[in-house]
Amino acid sequence: MKKILPYIACFFMLFLQACNNEVDDLFDTPAQQRVNEELKACKELLISSENGWVMEYYPSANQSYGGYVMILKFTDKDVTVQSEIAANPSDAVTSLYSLKSDMGPTLNFDTYNKYLHYFADPDNNGGAGLGKGYEGDYEFIIQSHTENEITLKGKKTKNIIKMKRMETSGDAYLTEIIKTRTNITSIQGILGYKGEVNGQEVSITIPSDRRMTIQVGTEQIFNVAYMYGLSGIQFYQPIEIGGNEISGLEWSETNNSFMWNENTLEQIPDPIYPKYLKYLGNYNMNYFYGQTERNIPVTLIAKTFNGSEKSYELQGLPFPLQVSYNVEQDCLEILTYQKDGYYVAVWEVIGNGTLSWAGGLGLIGKLKEGTSNVYEFVDNGVWGTNIARALILWSASGEYKGFGGDTRFQYIILTKIQ
Numbered sequence: 001m002k003k004i005l006p007y008i009a010c011f012f013m014l015f016l017q018a019c020n021n022e023v024d025d026l027f028d029t030p031a032q033q034r035v036n037e038e039l040k041a042c043k044e045l046l047i048s049s050e051n052g053w054v055m056e057y058y059p060s061a062n063q064s065y066g067g068y069v070m071i072l073k074f075t076d077k078d079v080t081v082q083s084e085i086a087a088n089p090s091d092a093v094t095s096l097y098s099l100k101s102d103m104g105p106t107l108n109f110d111t112y113n114k115y116l117h118y119f120a121d122p123d124n125n126g127g128a129g130l131g132k133g134y135e136g137d138y139e140f141i142i143q144s145h146t147e148n149e150i151t152l153k154g155k156k157t158k159n160i161i162k163m164k165r166m167e168t169s170g171d172a173y174l175t176e177i178i179k180t181r182t183n184i185t186s187i188q189g190i191l192g193y194k195g196e197v198n199g200q201e202v203s204i205t206i207p208s209d210r211r212m213t214i215q216v217g218t219e220q221i222f223n224v225a226y227m228y229g230l231s232g233i234q235f236y237q238p239i240e241i242g243g244n245e246i247s248g249l250e251w252s253e254t255n256n257s258f259m260w261n262e263n264t265l266e267q268i269p270d271p272i273y274p275k276y277l278k279y280l281g282n283y284n285m286n287y288f289y290g291q292t293e294r295n296i297p298v299t300l301i302a303k304t305f306n307g308s309e310k311s312y313e314l315q316g317l318p319f320p321l322q323v324s325y326n327v328e329q330d331c332l333e334i335l336t337y338q339k340d341g342y343y344v345a346v347w348e349v350i351g352n353g354t355l356s357w358a359g360g361l362g363l364i365g366k367l368k369e370g371t372s373n374v375y376e377f378v379d380n381g382v383w384g385t386n387i388a389r390a391l392i393l394w395s396a397s398g399e400y401k402g403f404g405g406d407t408r409f410q411y412i413i414l415t416k417i418q
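Here this note's numbering is used: the first residue of the sequence shown is 1, the next is one more, and so on.
Just so you know, the hints here were simulated from the structure itself, not pulled from any lab data.
All of these numbers come straight from a predicted model, not from anything done at the bench.
Careful: at least some of the hints might be erroneous.
Heads up, simulated BS3-like pairs for lysine-lysine below, C-alpha to C-alpha not over 27 Å straight-line [to be verified]:
(1) 275 / 368
(2) 194 / 303
(3) 77 / 164
(4) 40 / 156
(5) 100 / 156
(6) 153 / 100
(7) 366 / 416
(8) 275 / 416
(9) 278 / 303
(10) 366 / 275
(11) 132 / 153
(12) 114 / 179
(13) 132 / 339
(14) 77 / 162
(15) 339 / 114
Cβ pair distances, simulated, as ranges [what the hints assert, rightly or not]:
(16) 182 / 318: 27 to 37 Å
(17) 93 / 64: 40 to 50 Å
(18) 313 / 64: 19 to 29 Å
Idealized CB from N, CA, C, for every residue including glycine.
Produce the complete structure using the sequences and hints provided.
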């Protein structure tokens, strides 16, 4: 036995050496080769689509802002991007991209592109505000791909992002998306929709654009992120109603409502809407500019009416003035705001002449006693011991005079023309 042991030990040493060589052969050199081959295959796939790829992009780890459509067209080094957020769907911006190996193959957009990085830029005022923006991705792990679809995963948000091969031009596709979006968002004065889906009674509310709450029966509630598609909306993830998965809803232009399997959902009227509408129309606006009294014709037009915003635009001044509808007090309200390098601020006028553009401050239109159409704008009660008596245009360098007209609007009165 003692004579055999050295031979057995020698055998195992040779065996282990052989195993080590095999492991090295299988997982070291070939592994890097496979990565390089995969990166090459991904680049060839990206470049192969003549019309590019439609990216179904969801920013924020909780999909808080819904999804957006972008069209990406790749060359060997560049990507050209179109987006539904553009003022003109044919507008395109080109920047660099790269494919790297990091937790698997990754697709990275290395240089700034105003469409691709819009949702990832922390300096964006939108979304969660300065310092966060929409909290989106610009680096993605490539999880899988076929000839016509690429599945990505955001490195930061972990959101699943699909890219699908385009069969039409980006211009044509985005035009249809924008048409669908306009048809759906132009419906005002409703709380939501109700009807039957897969034999279940559902009630839908849309608290903000691209977010939807679906109640099934009296208990089950889904909070769904969605994006606009060619013929309706599609959900970030399918939901199950009545034992079947629902991945989106069709839109009926004829009925101005959502549909499921040719069953049209019914609009739920908003009782606040008629109150909002009563303020639309033509007015005479009386105010003082210093010691000079002004009296000018203005028009109040509808701007936005949804669950989170009910606003108008007052036209006839040197600039379009944003006006809100105060639901609790059933009145017009002019709140402070910032836009395009200037502030609409409130101003005390007398005393220390303090002014401020802090959020929530403003003037409300109180119906003058004994009248049915005269609204006097007074402090809304939010400014503490200060009392707002006027609006003033302001900027970082002082009084803003970029519109070339009046910048101070003291003791405002609106008289509706009957």
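Hints broken by the structure, by number, lowest first? 17
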